[in-house]
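J.: So the protein sequences, as listed, match chains L and C. The numbers in our numbering rise by one with no breaks, and the one at position 144 of the first sequence is 293. The numbers in our numbering rise by one with no breaks, and the one at position 80 of the second sequence is 229.
Possibly wrong hints are sitting among the right ones.
A pair counts as met if it fits within one copy or between any two copies, since identical chains are not told apart.
[Said to hold, decoys possible] Computed list of lysine-lysine pairs in DSSO-like fashion (alpha-carbon distance at most 27 Å, straight line):
1) Lys-428 <-> Lys-176
2) Lys-388 <-> Lys-176
3) Lys-461 <-> Lys-440
4) Lys-321 <-> Lys-172
5) Lys-388 <-> Lys-248
6) Lys-176 <-> Lys-321
7) Lys-422 <-> Lys-388
8) Lys-475 <-> Lys-415
No wet-lab data here; the hints were simulated from the structure.
Number of protein chains: 2
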Amino acid sequence: MELDQYFNEIIYNVNNEISSYVKGDIKQLYDASIYLLNAGGKRLRPLFLVSIADLLKGDRKRAYKAAAAVEILHNFTLIHDDIMDEDTLRRGIPTVHVKWGIPLAILAGDLLHAKAFQALGDALKGLDAEKIYSGIAEFSNSVIIIAEGQAMDMEFENRENVSEEEYIEMIKKKTAQLFACSAYLGGLVSNANNSELELLKNFGINIGISFQIMDDILGLTADEKELGKPVYSDIREGKKTILVIHALQNANEEQKRIIMEGLGSKDSEKIKKAGDIIKSLSLDYAYSKAKYYLDHAFENLNKIHGEEIAGKALNYLVRFTVERRK
Amino acid sequence: MELDQYFNEIIYNVNNEISSYVKGDIKQLYDASIYLLNAGGKRLRPLFLVSIADLLKGDRKRAYKAAAAVEILHNFTLIHDDIMDEDTLRRGIPTVHVKWGIPLAILAGDLLHAKAFQALGDALKGLDAEKIYSGIAEFSNSVIIIAEGQAMDMEFENRENVSEEEYIEMIKKKTAQLFACSAYLGGLVSNANNSELELLKNFGINIGISFQIMDDILGLTADEKELGKPVYSDIREGKKTILVIHALQNANEEQKRIIMEGLGSKDSEKIKKAGDIIKSLSLDYAYSKAKYYLDHAFENLNKIHGEEIAGKALNYLVRFTVERRK
Chain L
150 MELDQYFNEI IYNVNNEISS YVKGDIKQLY DASIYLLNAG GKRLRPLFLV SIADLLKGDR
210 KRAYKAAAAV EILHNFTLIH DDIMDEDTLR RGIPTVHVKW GIPLAILAGD LLHAKAFQAL
270 GDALKGLDAE KIYSGIAEFS NSVIIIAEGQ AMDMEFENRE NVSEEEYIEM IKKKTAQLFA
330 CSAYLGGLVS NANNSELELL KNFGINIGIS FQIMDDILGL TADEKELGKP VYSDIREGKK
390 TILVIHALQN ANEEQKRIIM EGLGSKDSEK IKKAGDIIKS LSLDYAYSKA KYYLDHAFEN
450 LNKIHGEEIA GKALNYLVRF TVERRK
Chain C
150 MELDQYFNEI IYNVNNEISS YVKGDIKQLY DASIYLLNAG GKRLRPLFLV SIADLLKGDR
210 KRAYKAAAAV EILHNFTLIH DDIMDEDTLR RGIPTVHVKW GIPLAILAGD LLHAKAFQAL
270 GDALKGLDAE KIYSGIAEFS NSVIIIAEGQ AMDMEFENRE NVSEEEYIEM IKKKTAQLFA
330 CSAYLGGLVS NANNSELELL KNFGINIGIS FQIMDDILGL TADEKELGKP VYSDIREGKK
390 TILVIHALQN ANEEQKRIIM EGLGSKDSEK IKKAGDIIKS LSLDYAYSKA KYYLDHAFEN
450 LNKIHGEEIA GKALNYLVRF TVERRK
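Here chain L stands alone, though its shape is the one from the complex (with noise of 0.2 Å):
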């Protein structure tokens, strides 16, 4: 399939710039930065930063540096989550804390946040001082707004009640401003102009929330062995999805016990027992809101005209995000 070929040739040129960026003489500390990289990943957001970048006919060595940067972040930024999360399992392998310890993953994040920045750098080298200055500018806000996302994630395990507004908020910063930096990074290197890095930037915000959506649906309901990691953890981390949010609202006085009882419990039955009633109350309402804004997202997406190839790679990649089953 043509789509196929195209998205290889992507993830073939990624791969190469990840592994020009997370090499170096300290054997452990690289072994260690490298591991979850080299442990699969879907490459969604490089796929949609080098699909943006060659729908604006952009420079593809230039895209391909800058969807480095994001993919390297990205894992980042998982490896410190796993320790904060105490996740054991990710990808269907032990998570870089597990392996290493602690103190050898905080700094494998930390060594990945700089190449981030560093292979970034090199993807604007040579361009306009402007252009350079924003790609900075956003990056760098960009994981701000992460960490602030990731702090509220944290806050809401130990609050019984969050709004679906506040939830909303949350993984706009902590999941969707990633997307979005990706799809304003893929227009920064093709010369898009300001009204097209707006779209682009919407786009990538509707996008990352019906991802994350897809997410959390996906916590309960995924083949654990696809997943690769275990079913129901979010509950067991008492996370305040979506999925949680609506149910507590929707919850009958028995329901609602049986779900607060589960909520970051450490007894599978009780876990499974509060998932089971999630599910019943929330799967439709959950993946109509998914649809909700992914249909935002085509429609920042269709005002932007380029490369047909491109335009249909994005088409595939929008519906992958809320089709896919890990």
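Could you slot chain C onto chain L? The hints should help.
T.: Leaving out everything else, chain C in the frame of chain L:
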């Protein structure tokens, strides 16, 4: 005294920049992030950076922002290092992870890391494209090198034999690189030419090595209250400082046994015995080494000519590096 006023003005303005960057709506996260920055600290790197900018008649506003970037970055590394080293006190107060827990301390460090890039971007905004690129490249490369140095430091704790050469390589990365980066950025915002930038980096490396050797000395000799953390904590953590390395090389069998028993021990009697032997064998040697690198720093500095008051300030700062008591 004239220099007092000179330094106070710099610190006042850099602190204002720091406060303007490290603030935001997510209260707990920002409280944890600004806490160590507000707890004092010598602001040595900002003082070097701004004095160098003055020496070369650079733009003070850019220098303040670059200095804020460096200080914010430095504090990010301290917060994460304290988690890795399980240190509970710094600057006389509980460390961030003791006060807020490891998850929020990791996140606060990540936030500061990104804020540092944000501040640096602003410091460079409006300069030539090439300068913006160079500043970002030097900064990201410095963080990478610092992480590598921290990995070496941790790895040395588990090794019996570490050579002085390896130690110098490690502190060049872990400590001296950020002094080099500070000096470089002071030059970059002041239109320093390439040969001046090279001298500034060498100056910074040599100052940084001296500084770290003095830090190792103070870890055994300082007044605990003044130091803000327990003396001998390096021994408790099994750190291979230059004093430990030199002592092990020059100890007789009995002394060597006592040193090895103290390193990484939790027994304060054993730690003290080891510390006393290390001091008796290595203090003079370590002072002479600190002096050696200090002389090299002066050599580089003296090749750069500029404003008199800044020259005086830099001379004072260089001397302070080895004459300080905390």
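J.: State for each hint whether it applies.
T.: Here's how the hints hold up against the structure:
no.	hint	in the structure
1	Lys-428 <-> Lys-176	neither (45 Å within a copy, 33 Å between copies)
2	Lys-388 <-> Lys-176	between (36 Å within a copy, 20 Å between copies)
3	Lys-461 <-> Lys-440	within (19 Å within a copy, 66 Å between copies)
4	Lys-321 <-> Lys-172	between (32 Å within a copy, 20 Å between copies)
5	Lys-388 <-> Lys-248	both (25 Å within a copy, 23 Å between copies)
6	Lys-176 <-> Lys-321	between (36 Å within a copy, 18 Å between copies)
7	Lys-422 <-> Lys-388	within (16 Å within a copy, 50 Å between copies)
8	Lys-475 <-> Lys-415	within (24 Å within a copy, 47 Å between copies)
In this structure, only the earlier hint numbered 1 is contradicted, and the remaining ones agree with it.
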